Amino acid sequence: MDSTLPPFPLAKQAFKWATSAPPVNLPEERYCQTRDTLTARLDRCGKEALAMGMPEQQSYLLRAIIGEIGNNSFDHNLGSWKDIPGSYFYWERNQQQFVVALADRGQGLLTTLRHVRSSITSHEEALKTAFLEKLSGRAPERRGNGLKYVRSILLEDGLDLWFQSGTAVYSVHNRKEEWAILKENVPGCIAILTWQSS
Amino acid sequence: MYCYTYMAKLMTIEMKNIGIVLDSRPAGREAFLAMQPRLRDAANVELDFDGVKVLTPSFADEFVTPLIEKYGDHITFLHTTKNITVQKTLRFLAEDWPVKIDFQ
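Taken in sequence, the protein lines are chains D and E. Using the working numbering, the letters of the first sequence map in sequence onto residues 1 to 198. Using the working numbering, the letters of the second sequence map in sequence onto residues 1001 to 1104.
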């Protein structure tokens, strides 16, 4: 996997929604204004992954990852959304792949983490901190595990991820990690999860 | 009498009664608060994960970690290996817990 956005239509749509100013309109079924909506749609997403042939236990892992990334949007941006509250969440499948896209128009990792560690100065540093260190963006609350847990699953269980916040990208393909810097800026976060059927 | 006393102080929480998908911080916090009246006299706690399909660190950090902090090694985990997210989440969080846990 290279560092460019995965070439799926919903990835492009999520990216456009996350980066456009003013925000583009979304079909209602792809926009979760509240956490409750996200949670309710997670059920259907998991069932469709199962229907495509994803092993049951792996579908639970997929759901856990989506839950962690999706809930982060609400945990870290409550009261701080730049314009539109909530998240993009949708999925699509073809014969070989099940693809999930999540995105938000929130503060992004750099702004969030600088609240608790002002020495973080770049998107790359913020991204690495989020995926590699147990540092909460809501200290003194006990937080900061979610993306480390996501990473551990990606490396152990073979799901692929493309994640961008600011100009920094973290991707995992076939359990191989890559960190990159892009020109295009995502103010909040965007995540594309992919499962390949064998 | 001792047995009765012990049993009276053992509180078993069947996690599936809270939900089979346990996946957000608000839900974990709400569940923890809801359990407090039932835990008032408990000296030992059993957490039974039979039937749980999804457990995430966000939920567990709000529900299980405070119980670990309160009960230490007086907390027992049951049926933690049937579901992969239960297994991985508890082992992931246990790296930072002050007590070593025997997962069953």
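Hints may contain errors.
Distance condition first, Cα-Cα at most 20 Å in a straight line; then the derived DMTMM-like pairs of lysine to aspartate or glutamate [as the list claims (entries may be wrong)]:
# : chain 1 : residue 1 : chain 2 : residue 2
1 : D       : Lys148    : E       : Glu1046
2 : D       : Lys148    : E       : Asp1096
3 : E       : Lys1009   : E       : Glu1046
4 : D       : Lys134    : E       : Glu1046
5 : D       : Lys183    : D       : Glu125
6 : E       : Lys1016   : D       : Asp43
Partial pick of chain E residues on the chain D-facing surface, computed with a CB cut under 10 Å [to be verified]:
#  : residue
7  : Glu1014
8  : Ile1018
9  : Gln1036
10 : Ala1042
11 : His1079
12 : Pro1098
13 : Val1099
Listed next, the stretches of chain D that the computed footprint assigns to chain E, with coverage defined by at least 3 CB atoms under 8 Å from CB atoms of chain E [said to hold, decoys possible]:
#  : segment
14 : 168–175
15 : 179–188
Derived from the structure by calculation, the hints contain no laboratory data. All values reported here derive from a predicted model rather than from experimental measurement. Backbone N, C-alpha and C define an ideal beta-carbon position, used for all residues, glycine too.
Query raised in the report: Hints broken by the structure, by number, lowest first?
Result: 1, 4, 7, 8, 9, 10, 11, 12, 13, 14, 15
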